[in-house]
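Chain A is already provided as a structure; the job is to place chain B on it using the hints.
Residue numbers (numbering that gives the first Met the number 0), protein chains in the order written: chain A, 0 to 205; chain B, 0 to 205.
In short, the hints are calculated from the structure, not lab data. Since we're looking at a predicted model, the values are computed, not measured. Beta carbons: idealized from backbone N, C-alpha and C, even for Gly. Be a bit skeptical, because a hint or two may be false.
[Unchecked claim] Derived lysine-lysine pairs resembling PhoX-like cross-links, with alpha carbons at most 25 Å apart: (1) LYS138(B) with LYS71(B); (2) LYS94(B) with LYS129(B); (3) LYS177(B) with LYS94(A); (4) LYS177(A) with LYS92(B); (5) LYS179(B) with LYS94(B); (6) LYS202(A) with LYS94(A); (7) LYS177(B) with LYS129(B); (8) LYS177(A) with LYS202(B); (9) LYS179(B) with LYS177(A); (10) LYS202(A) with LYS202(B); (11) LYS146(A) with LYS92(A); (12) LYS94(A) with LYS202(B); (13) LYS14(B) with LYS138(A); (14) LYS14(B) with LYS92(A); (15) LYS138(B) with LYS179(A); (16) LYS202(A) with LYS179(A); (17) LYS194(A) with LYS92(A); (18) LYS14(A) with LYS138(B); (19) LYS179(A) with LYS194(B); (20) LYS194(B) with LYS94(A); (21) LYS179(B) with LYS92(A); (22) LYS202(A) with LYS129(A); (23) LYS94(A) with LYS191(B); (24) LYS191(B) with LYS94(B); (25) LYS146(B) with LYS179(B); (26) LYS138(B) with LYS191(A); (27) LYS14(B) with LYS71(B); (28) LYS179(B) with LYS191(B); (29) LYS202(A) with LYS146(A); (30) LYS194(A) with LYS146(B); (31) LYS202(B) with LYS194(A); (32) LYS191(A) with LYS14(B); (33) LYS92(B) with LYS202(B); (34) LYS194(A) with LYS177(B).
[Unchecked claim] Chain A side only, calculated, beta carbon under 7 Å to chain B, not exhaustive: (35) ALA7; (36) ILE9; (37) SER11; (38) LEU24; (39) SER106; (40) THR150.
So you can see what is in the structure, the chains are spelled out below.
Protein chains: 2
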Amino acid sequence: MENHIYAADIASFEKQYRTNLINGLGGIKSALLVGTRGADGTNNLAIFSQIVHIGANPAMMGILHRPVSVEKHTYENILANGFFTLNHVAADKFKAAHQTSASYSRSQSEFEQCGFEPAFTNTVLAPYVKDSPLKIGLKIAEIIPIKSNGTILLVGSVEEIIVQADLIEAAGFIDLNKLKTILVHGLETYYKAEKMERLPYAKVNN
Amino acid sequence: MENHIYAADIASFEKQYRTNLINGLGGIKSALLVGTRGADGTNNLAIFSQIVHIGANPAMMGILHRPVSVEKHTYENILANGFFTLNHVAADKFKAAHQTSASYSRSQSEFEQCGFEPAFTNTVLAPYVKDSPLKIGLKIAEIIPIKSNGTILLVGSVEEIIVQADLIEAAGFIDLNKLKTILVHGLETYYKAEKMERLPYAKVNN
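Pulled out of the complex, with its shape left as it was, chain A reads as follows (with noise of 0.2 Å):
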């Protein structure tokens, strides 16, 4: 049997359980966390399902950044200094990768206060996820209100990729399958991901 569920039902949801539906939409996604650094030097992580692929030629990725109508120190960060990382993480830390989520202050880094370590190189400016096995490092290139709602695309360019290097196939596949990162359906479930099959570019065929 099949629910029909309309917009005004949406509206008319107590706000917890829309929010646990309309989260779940969009499927699983890996979850990444993205480190940032404070003007006053504080190492900021934050876990981000809302990773997009913008392109490949220039490289560029986004996050998609809520509201910023509360303190937000990832986008206060990435204006301030220009640069973000995003670091995949294992599937056996997705508790320490949740906890990120809590609402620390400005001077409390989430480094410390879940258990990563911080690394930096001299290309970017923001702190990588030391065991990271794939980390990406990124320069703010374009700021995009979405008006319906005050989200926020932050674009980035991708200056720095670190990773693994047994994880870069011969035709530049990354074996995420190896990896077994983490991925999280909305907020709060968190999966794991088994490979089925490499596909071959699809054709018509006639």
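Same frame as chain A, but now just chain B:
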């Protein structure tokens, strides 16, 4: 051992190698089938993995569309009639779902070509995938060009959700572990996901 790859390296890579590498950076995501209806009545279906949760109240979702320098039926259809659907598909249908990415002509329906049956409602003027266990109907609300590379974020309001009744839990969560829908890494490597655990809202421990 870690490889460090810089922006200049990325720019110098052979095109397909660069595409494979950069498309894989964002990780694994649910792949959904986007249904649209052309001005000529053709029912279009295309696989997308760049699905964005925009907000829960009002309920809005987005899809990132590639630059429209060449013929792009999904985009043209959404512009023409204002509606699109998102359809989760069972993991065992990943080959048929992938085949929707082939370059069919405007008058060829991917529903027929790839073996999906369309379904319609009075609320949304776009075709659903009939046997999809979780279908979402949206009305276009905002078309956001990304200047950096010409991609386009299409944001829609959720007008209708059609879901198997047994998949919604009491608190509103959708059980995707029961659904076992398709996930993809990059454009071609298909995955399925296994639930680890649902975690409570994270709080500062002190």
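**Restraint status (C-alpha distance of LYS202(A) to LYS129(A) at most 25 Å)** = At roughly 41 Å apart (the allowed maximum being 25 Å), LYS129(A) and LYS202(A) break the hint.
**Message:** So, as I understand it, the hint says ALA7(A) touches chain B; can you test that by seeing if any CB pair is closer than 7 Å?
**Reply:** Where the cut-off is 7 Å and the nearest Cβ of chain B is about 10 Å from ALA7(A), the hint is violated.
**Message:** Quick check on SER11(A) please, does its C-beta sit within 7 Å of some C-beta on chain B?
**Reply:** violated (11 Å)
**Asked** Between LYS194(A) and LYS177(B), does the CA-CA distance stay at or below 25 Å?
**Response** holds (18 Å)
**Message:** For a C-alpha distance cap of 25 Å, please report whether LYS202(B) and LYS194(A) respect it.
**Reply:** violated (33 Å)
**Asked** Taking only the CA atoms, is the gap from LYS202(A) to LYS179(A) under or equal to 25 Å?
**Response** violated (30 Å)
**Message:** Next pair to validate is LYS194(A) with LYS92(A); report whether the Cα-Cα distance is within 25 Å.
**Reply:** Answer holds: LYS194(A) to LYS92(A) is near 20 Å, not above 25 Å.
**Asked** Taking only the CA atoms, is the gap from LYS14(B) to LYS138(A) under or equal to 25 Å?
**Response** Given that 25 Å is the threshold and the Cα spacing comes to 22 Å, the pair holds.
**Asked** Is the Cα-Cα distance between LYS179(B) and LYS177(A) 25 Å or less?
**Response** Holds. LYS179(B) to LYS177(A) sits at ~21 Å (cutoff 25 Å).
**Pair hint LYS179(A) and LYS194(B), alpha-carbon separation not exceeding 25 Å** = holds (13 Å)
**Asked** For the pair supplied as a hint, LYS202(A) and LYS94(A), is the alpha-carbon distance within the 25 Å limit?
**Response** violated (42 Å)
**Prompt:** If you draw a straight line from the CA of LYS194(A) to the CA of LYS146(B), is it 25 Å or shorter?
**Reply:** Measuring from Cα to Cα gives roughly 34 Å; hence the hint is violated.
Of the hints listed earlier, those the structure fails to meet are numbers 6, 8, 10, 11, 14, 15, 16, 22, 25, 26, 29, 30, 31, 32, 33, 35, 37, 39, in rising order.
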